[in-house]
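Trainee: Below, each chain spelled out in residue letters.
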Amino acid sequence: MKKLFLTLALLPLLFSCETIPEDNPDYPDPAYLQYAGRLTLNGVTTKAVYTPGRLVSIELTESGIYAIGRYADELGTIAYTAGAYTVSGHDYRLSGFGTISFNNSQEGFVELTIKPDEGYQQLVWATLKKADSSNKAYRAWNVEKTRVTVKGWRTISADFIGCDFKEIADFLRANGHKAPVDVPDHGIRSISLTGTETMIIAYDDGSADLNEFSLNGNVIKYTWSDNMKGFTFETEKAVISYMDGKCILTINGKIRDSSTSGSVTFMMSPYNP
Amino acid sequence: MKRISILFCLAFVLTTALPAAAQKGHLSLGLGGGTGGLGAAVAIKLDSHAQLYLGYGSMFGLPGFTLTQVSVPTHPGIPAEKTAVPLNIQLAMNEARALLYFYPSSSSFHFILGFHMGTARYLRGTLSSLPSDYNTVGLDIDGYLVKAHEGVMEVELNGPGFALSPVAVKPYLGIGFGRPVRDDRRVTCSIDLGFQYQGKPEWRALGESITGRTKMVQIPEETLESIFEDISSYTDWMAFWPTLSFHLYFKLF
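Those sequence lines, one after another, are chains A and B.
Mapping of the first sequence onto the numbering used here: residues 1 to 273, in sequence order.
Mapping of the second sequence onto the numbering used here: residues 1 to 253, in sequence order.
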């Protein structure tokens with residue numbers, strides 16, 4: 001009898017708790033890690049040289065994506081285009097733009113030769129900042145899925161394959177929220193977090209947005225320079241984490257031109273050109 | 001995992017108890033049913049005042065009842081427009097039971113004390129024919145999106161009991177009439193009335209992380225209240241779940 005009671009009393013001890021392993025994926029180094037950096041063309045930041053079309057900067061990412069900044073107007077607004085690049089010696093072939101040549105062995109002033117596909121060859125001075133490689137987040141990421149959560153009468157969420165702005169805007173409107181009227185008819189192709197602390201959001205149409213950011217632990221603070229792409233978040237803070245081998249980037253905030261607040265979560269995998 | 005744990009638990013008790021019963025020569029096999037579902041059990045006579053009941057009960061496959069006109073918003077984020085959809089409610093226990101029958105006198109009246117061990121779930125609600133928006137839009141609970149699949153959304157009412165994950169251990173207290181094992185009869189019956197302590201009932205549903213990982217997540221009370229007013233007041237009293245069961249026993253030796 002005593003044995004039976006003891007058996008019953010010990011039964012709960014037989015069951016162990018289920019544990020979920022913490023995610024800490026070990027990604028291989030990005031293919032263009034050694035070439036990554038930012039070239040800022042010298043003498044182009046004064047009002048006198050706000051010539052539309054004039055080159056301002058070239059960002060070369062760890063994953064073989066480049067972003068070129070040019071003045072879009074005489075007010076100093078910068079518009080960016082993005083694409084893929086390849087390297088041969090000191091020559092960097094920027095798809096859809098042309099070739100640039102420089103010695104990237106050390107930071108500081110470099111002599112930069114620019115040979116656009118269309119136009120004249122130029123020789124200019126630029127300042128090279130090489131990318132820091134200390135964080136596995138510093139690379140380009142493919143946006144595989146986007147989860148949008150909006151607060152309203154009830155807080156609701158929806159998942160979207162990739163990140164198509166129109167699709168997300170339709171979801172917001174169908175559920176009683178305002179969405180910006182100038183939502184572009186395309187989506188995000190990739191998000192790069194570079195070792196020069198630049199966030200490059202490359203779009204399907206070849207355009208891009210660049211923002212500076214700083215990474216502290218798993219918190220990203222960024223400055224948003226976008227004036228045209230609709231979903232601007234007023235809270236310039238994001239959180240990065242890893243789950244099931246994916247990188248999860250969550251941005252909380254309020255959408256511009258709307259009373260809607262909520263969050264956008266991107267599920268991302270290392271960029272494959 | 002839970003099923004394996006329950007079976008392991010049963011096997012452990014049986015391997016400990018059966019040799020004792022075989023030595024004494026008093027063991028019955030029982031079949032029965034009640035508010036805890038259909039089940040099978042073995043009963044072992046320990047002495048003239050005590051019998052041990054080891055069984056398994058499940059509501060699996062038993063029909064529930066359907067509320068046909070449950071009103072939900074046509075678009076999950078807009079309260080104005082409503083659509084009526086059916087809600088099917090089923091009892092969903094699936095558990096092993098270890099009970100001690102105590103007979104204070106020579107009559108068949110007895111007190112029952114013991115544990116039910118198994119899934120925490122004891123009620124399942126299925127909303128069907130939900131508007132198509134519910135297949136894409138849902139609730140994000142701790143990073144897990146709860147939404148409908150092809151117009152169907154399932155929620156569960158769980159009682160954690162003593163909250164020993166992954167198996168819920170729920171104490172049981174009751175009274176009854178009948179002796180599962182009698183020296184003078186081959187066939188006997190027992191009718192029992194009691195209650196299970198479920199702990200604080202909580203609603204759960206299957207959620208999916210953005211990476212595709214699935215998990216049963218607890219739906220916050222305020223979210224539930226925004227869908228079904230006063231639902232918490234109905235579920236709170238379900239902490240003590242009444243049970244009524246009837247068993248027919250056949251003495252094996």
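Be careful, since some hints might not be right.
As the list claims (entries may be wrong) - List time: in silico DSS-like cross-link candidates among lysine-lysine, alpha-carbon distance up to 27 Å:
1. Lys215(B) with Lys145(A)
2. Lys221(A) with Lys115(A)
3. Lys237(A) with Lys145(A)
4. Lys115(A) with Lys178(A)
5. Lys151(A) with Lys251(B)
6. Lys115(A) with Lys145(A)
7. Lys82(B) with Lys151(A)
8. Lys200(B) with Lys215(B)
9. Lys178(A) with Lys82(B)
10. Lys115(A) with Lys129(A)
None of these hints come from the bench; they were simulated from the model.
Trainee: Next, verify each hint and record whether it holds.
Mentor: Comparing the hints with the structure gives:
For the hint linking Lys215(B) to Lys145(A), the alpha-carbon distance of about 19 Å falls within 27 Å, and the restraint holds. Using a Cα cut-off of 27 Å, the hinted pair Lys221(A) and Lys115(A) is violated, with the two alpha carbons roughly 35 Å apart. Proximity of Lys237(A) to Lys145(A) is assessed by CA-CA distance (about 20 Å); at most 27 Å being required, the pair is judged to hold. Annotation: proposed proximity of Lys115(A) to Lys178(A) is violated, straight-line Cα distance about 45 Å (limit 27 Å).
A C-alpha spacing of about 63 Å is found between Lys151(A) and Lys251(B), which places the hinted pair above 27 Å, so the restraint is violated. The straight-line distance between the Cα atoms of Lys115(A) and Lys145(A) is roughly 37 Å, outside the 27 Å bound, and the hint therefore fails. A threshold of 27 Å between alpha carbons decides the hint, and for Lys82(B) with Lys151(A) the separation of about 20 Å falls inside it, so the pair holds. For the suggested pair Lys200(B) and Lys215(B), the alpha carbons sit about 20 Å apart, so the restraint of at most 27 Å is met.
Between the alpha carbons of Lys178(A) and Lys82(B) the distance comes to roughly 21 Å, so the proposed pair stays at or under 27 Å and holds. Between Lys115(A) and Lys129(A) the CA atoms are separated by roughly 21 Å; this keeps the pair inside 27 Å, and the hint holds.
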